[in-house]
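**Student:** These are the residues of each chain, in order.
Protein chains: 4
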Amino acid sequence: MNFLEKFKEEFAREWDSLKEHSFLRDLAKGTLPKKCFFYYLSQDDYYLEDLLSAIGMLVVKADEKSLRRFAIKLLKETVDGELAMHELLEKHNEFSKSPKGKVALWYGNFLINIAFRKSTFVIIASMLPCFVSYLEIGTHYLNKTSPNMPSLYRAWLESYAGEDYRKLVEELCCWFEKEAQKAPDREKQEAKSVFKQAIELEWLFWEESYNCGKLTLGM
Amino acid sequence: MNFLEKFKEEFAREWDSLKEHSFLRDLAKGTLPKKCFFYYLSQDDYYLEDLLSAIGMLVVKADEKSLRRFAIKLLKETVDGELAMHELLEKHNEFSKSPKGKVALWYGNFLINIAFRKSTFVIIASMLPCFVSYLEIGTHYLNKTSPNMPSLYRAWLESYAGEDYRKLVEELCCWFEKEAQKAPDREKQEAKSVFKQAIELEWLFWEESYNCGKLTLGM
Amino acid sequence: MNFLEKFKEEFAREWDSLKEHSFLRDLAKGTLPKKCFFYYLSQDDYYLEDLLSAIGMLVVKADEKSLRRFAIKLLKETVDGELAMHELLEKHNEFSKSPKGKVALWYGNFLINIAFRKSTFVIIASMLPCFVSYLEIGTHYLNKTSPNMPSLYRAWLESYAGEDYRKLVEELCCWFEKEAQKAPDREKQEAKSVFKQAIELEWLFWEESYNCGKLTLGM
Amino acid sequence: MNFLEKFKEEFAREWDSLKEHSFLRDLAKGTLPKKCFFYYLSQDDYYLEDLLSAIGMLVVKADEKSLRRFAIKLLKETVDGELAMHELLEKHNEFSKSPKGKVALWYGNFLINIAFRKSTFVIIASMLPCFVSYLEIGTHYLNKTSPNMPSLYRAWLESYAGEDYRKLVEELCCWFEKEAQKAPDREKQEAKSVFKQAIELEWLFWEESYNCGKLTLGM
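Protein chains in written order, with my numbering: chain A, 1 to 219; chain B, 1 to 219; chain C, 1 to 219; chain D, 1 to 219.
Calculated from the structure, these hints are not laboratory results. All values derive from a computational prediction rather than experimental measurement. Take the hints with a grain of salt, since some may be wrong.
[Stated by the list, open to error] Derived DSS-like pairs (lysine-lysine); straight-line CA-CA distance at most 27 angstroms:
1) K97/A <-> K188/B
2) K97/A <-> K73/C
3) K73/A <-> K29/A
4) K188/A <-> K6/A
5) K76/B <-> K167/D
6) K196/A <-> K100/B
7) K73/D <-> K167/B
Let the hints inform the model, and build the full structure from the sequences given.
**Tutor:** Okay, structure coming up:
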């Protein structure tokens, strides 16, 4: 059992509740309100900028040329994927941009903190829950979509169920395992804690979007 | 009206709700449960490490020798204040350390993100709500304490109402105004947004402690 | 007169002595020993890794999405250019890699220091002498090559005289001017000092390579 | 044999040539021209700012509270030592500040690069040659001074031969050995390479000062 499998098993409950979030179930049923989906897409754009910054730190910190090259490829393909989604959105003129919400702020701060202070192994651990869960979500829900599902939702699922995305995530996972081999125990502990925090932030991301930006935090 | 006053006025509602949080009112009345206070002290220790890291970045980034010297002084006095509190705590053997809670994680990530990516002016803006609100809280509540208040609570308030702490905060505020003079408009916008986020995180810090670690976030 | 022109004029003597270095004159005449050229290519590979790291920090620090996208493009095209050169080299089996020399160390440390501590404007200033001088060198010497020039030297010059490279450098220069518009005076002073240091390091880079790694520093 | 001893043995030739540099011999004989000494003190001031920045990164990156506390102490004592030297200098009104020379630039860039990209163990390795060689230089030459030696030179040697400085350096060395225990092999290789580079930069620092700023680099 490799490292990713061990981490997913250790946090199986959290991992499942992430993939089974009502946002995703309703999206597949076709009943998710458009305004929630557009809120999500807005937040995803903010998230993306911080993710690109964090990958930028992988370029900076990579000890091996090949990891630096992979990080550059990851930057390029992440931007390309974003462009494809935006071209799709231009056909949906009801889309309007929401301001950056709390979860996107927290998630971004989390990624950047790890990126600046931790090793490349731990940095990859902080990104993995996003990349891997999207791959599983795309594959899982594409087979379960309702015929009434809006074409936009389908296109979104397809982009994460496709061959290109799968290969990219697999390559990222390979780097994670490779770095795990060299990591001292202290870093493995850090990676586990960071992996768990990222799952929670993913969950909160869906939760805030499901409530169109209203997280009940009391302030 | 200087910059700090402008910011406080702009966010007057948030600033007041921060200073009037039930945690602080109950502390002054002497009715705050010890376990909530000890939870708070635990979290404060975690916060402190991230604050020290953020001040460390001020040392790294300072363009002027005098700002670098002040940042070093701020590090030294922050550590000394912490030691004094811990000596006090050693007499309270019921104290036990809680694990790092969500708000301390979010707040730390926020400070580190700003510290790495932003200018010294914006970094100071991210720290100001903590330093300044504690000064105001110490001064405000020390005059309103109940006779039944535990001596530990009083000692805590006194440490932030004292002359040494007031001078340190005033010096930090001077640096904030000085840096504000040189900052381009874009940085002033950033500083304002960062100042507001820090107030919210301060509020959440009291809120989580008031609930002994249970923030109702739904996950 | 734009900012780049002003800087080049201010350091006209250094800029000219950079472009007229004996390494380049001898290369164009075809008399540069192969071992000096191979030493240079080795050092360029080391330099490239640090340059990629510094561009990675542009990705991290960019305040605007469009600058972040450009930095990602710059990473991608820099890596592609390197690959093309390495494919060419594979036909020259006499090539062997030298250890990292002093100038590559100094230059890399310089780039990384600026990248971590300074603004995006100053970071671009630190990279400009390399990108711009190579464009001018490629264009200038390609018209002056001797018929005896080895085909490898010609291919090297061509890669910097080509349309793709010219467009990339022009885009970088546009960003430099755009950022200069917003920069406060202090940053303009920093940019000038950093620009001059980069010219000196470029000169030392040719000098060390011309002496096949032997810089007379006395130790 | 601990790690520091192993490193010093491995680079015994460089270490000796550092401690035997003509700058130091002439200083002990009392024949070093004042202008060379004042040039050195100017450069040392520039170096100090970059050293403080690098120690600031130790504060940022420390995984253990106790290392963070030590880094803060190191900042404080380094600043105090500098102040003492400057008070001494105020009595010598012939002192005038030189601009930052090449070696101080290179050394500063080196320290900052390591501080941002490497582990706390490797960061300490980059600072050790300076701290340790000054302790050995102070102790060694104080016993060999000529009766004609200017009182300023003696005071300078005494500051590095004193008990306070010795204890500080010993504590730094303890941290180095402690971190070495946990470091993976790759980091030990990095530490060795960084240690050697720092010795060379120390040597160049004396060399440039001995020539009152004129390093023969040919440009």
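**Student:** If a hint holds in the structure, say so; if it does not, say that too.
**Tutor:** The hints, checked one at a time:
1. K97/A <-> K188/B: Given that 27 angstroms is the threshold and the Cα spacing comes to 24 angstroms, the pair holds.
2. K97/A <-> K73/C: Holds - the C-alpha atoms of K73/C and K97/A are around 26 angstroms apart, at most 27 angstroms.
3. K73/A <-> K29/A: violated, 34 angstroms
4. K188/A <-> K6/A: holds, 12 angstroms
5. K76/B <-> K167/D: Measuring from Cα to Cα gives roughly 19 angstroms; hence the hint holds.
6. K196/A <-> K100/B: holds, 14 angstroms
7. K73/D <-> K167/B: With a Cα-Cα distance of about 21 angstroms, the restraint between K73/D and K167/B holds, given a limit of 27 angstroms.
Violated hint: 3 only; the structure is consistent with all others.
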